[in-house]
Amino acid sequence: MKKTHRQETRRTFERRLARELSAEDLEKAFGAGGTISCCGGCADD
Amino acid sequence: MRILIPTYVEDIHARAVAVALEKKGHEPVLWFTADFPTRQTSSIRIAPGGESGWRVSGSQLDLDEDSPFDVVWFRRPTRPELPDDLHPGDRYLAQRACDSHHSALWELVAPDAFWVNPHHARGRASIKPRQLVEAGRAGLPVPLTLCSNDPDDIRRFLTEHEGEVVYKPFSSAQWRTEEGTALVFTTSVGVEDLPEDDILRLSSGIFQRRVPKAYELRVLYLGGGFLTAKLRSQEHPDAELDWKLAFRELGLEPGDPLPPEVADGCRKLMNRLGLVFGCFDFVVTPEGEHVFLEVNEMGQFLWLEETDPEVLTLDVFCEFLIHGNGFDGRPADRPVRFGEIREEALAQIEEDRRVHVARIFRQAADDTGRSRDGVARIATPV
Chain A
212 MKKTHRQETR RTFERRLARE LSAEDLEKAF GAGGTISCCG GCADD
Chain B
666 MRILIPTYVE DIHARAVAVA LEKKGHEPVL WFTADFPTRQ TSSIRIAPGG
716 ESGWRVSGSQ LDLDEDSPFD VVWFRRPTRP ELPDDLHPGD RYLAQRACDS
766 HHSALWELVA PDAFWVNPHH ARGRASIKPR QLVEAGRAGL PVPLTLCSND
816 PDDIRRFLTE HEGEVVYKPF SSAQWRTEEG TALVFTTSVG VEDLPEDDIL
866 RLSSGIFQRR VPKAYELRVL YLGGGFLTAK LRSQEHPDAE LDWKLAFREL
916 GLEPGDPLPP EVADGCRKLM NRLGLVFGCF DFVVTPEGEH VFLEVNEMGQ
966 FLWLEETDPE VLTLDVFCEF LIHGNGFDGR PADRPVRFGE IREEALAQIE
1016 EDRRVHVARI FRQAADDTGR SRDGVARIAT PV
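Protein sequences appear in the order of chains A and B.
Just so you know, the first sequence maps onto residues 212 to 256 in my numbering.
Just so you know, the second sequence maps onto residues 666 to 1047 in my numbering.
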């Protein structure tokens, strides 16, 4: 389905402020995956 | 002492504390709550007159109402984990039933034990606006704050404090993406950053006037005692607004004792929130004012000791569990150091993974459109 302008802009303000991190960035930044992290791990449920 | 620790298999904090407690001659019992219902069964019996009993058994655990516990460290109990092959039409209600059963268990387990933290208080204590209000009432300085989805109020706040406003989400905000993860950190925002009003009002956020920082503090509150770590966040360009952005490179060291009025404010706040443990975040301004940001009622602390081994978080936390309220914040004469037991704790986690249900990281916020159970099928890029 072709991306429309309306779909492209219908993201919350919060989402627009989010920083994109690759899996490697995440591991480097937070040690996700069972090691020590500052907040208990991202991808929390 | 006998200490019950509801948590998840990969929890290095729970395992490290358990190893340390054993070395101190105490008996920790780890309860991996995701094992229910596939590897654990549980029953609650109620008789006329209100007499009750409970039992949980399976996967190396056998507990009932006669199992005595002195302490319950309500660490991070995860939700019961249902199997993948359960019919999707049944999943929601089965999950809800299992969640309700666990909620009932927490009402019955070890009612006379020292709970860290009392489970009734946790939810309300974690509401950020409430924390800020109560912190102010307890005498702690707090940032000027607007929590809002009202476009007019937001624009007015950003205009009045032009160039000095940061945005924070109400809770951890993250999305799974095709490339990895998107996360919201504390971010500088101005009027020019705002979207259209109909978008802005869709998600309430926290806007705060920025507080000048000399450095920051992570403070463990332990039943009235404190352990303080100084975070040199302003020495790293990526960490100035949010030190989590340079977490692995953050300079830190043992902090000075809190000024008496700040310690007193923390105690008053924790009493008002009904908590006995928490990880405080403070900004210390160039003038030396300690400004309260938030308190995480079950925050992580081993990363402090892993970064600076002189910040003895593991031993001090164990001593707190042992001594309870009125703890003075001091480590034992011969402290157990995290670096000395780290490998043993990690090896035990590997053993546990063979027996217990792993924690499933399930993000409701998912840009890939591949969320399970029809949860949060947010707009995809196609």
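If you are wondering where the hints come from, they were derived from the structure by calculation, not from laboratory data.
Where hints are given, some of them may not hold.
[Unchecked claim] Per the computed footprint, the stretches of chain B lying under chain A, defined by three or more beta-carbons under 8 Å from a beta-carbon of chain A, are:
1. 848 to 854
2. 945 to 955
3. 984 to 997
[Unchecked claim] Which chain B residues stay away from chain A? Per the calculated CB distances, all over 10 Å, these:
4. His691
5. Thr703
6. Gln725
7. Asp727
8. Arg802
9. Arg821
10. Gly828
11. Pro860
12. Pro877
13. Pro924
14. Asn936
15. Arg937
Where a beta carbon is used, it is the ideal one built from N, C-alpha and C, also for glycine.
Verification of the hints:
1. 848 to 854: holds (count 5)
2. 945 to 955: The restraint on the stretch 945 to 955 of chain B is violated, since only 0 of its residues have a Cβ under 8 Å from chain A and three are required.
3. 984 to 997: violated (count 0)
4. His691: holds, 23 Å
5. Thr703: holds, 17 Å
6. Gln725: holds, 20 Å
7. Asp727: About 27 Å separates Asp727 of chain B from the closest Cβ of chain A, which puts it past 10 Å; holds.
8. Arg802: holds, 27 Å
9. Arg821: Holds, since 16 Å exceeds 10 Å.
10. Gly828: The assertion about Gly828 of chain B holds, with a minimum of 17 Å to chain A.
11. Pro860: violated, 6 Å
12. Pro877: Check passes; 22 Å lies beyond 10 Å.
13. Pro924: holds, 25 Å
14. Asn936: holds, 25 Å
15. Arg937: Arg937 of chain B clear of chain A: closest Cβ-Cβ about 24 Å, beyond 10 Å.
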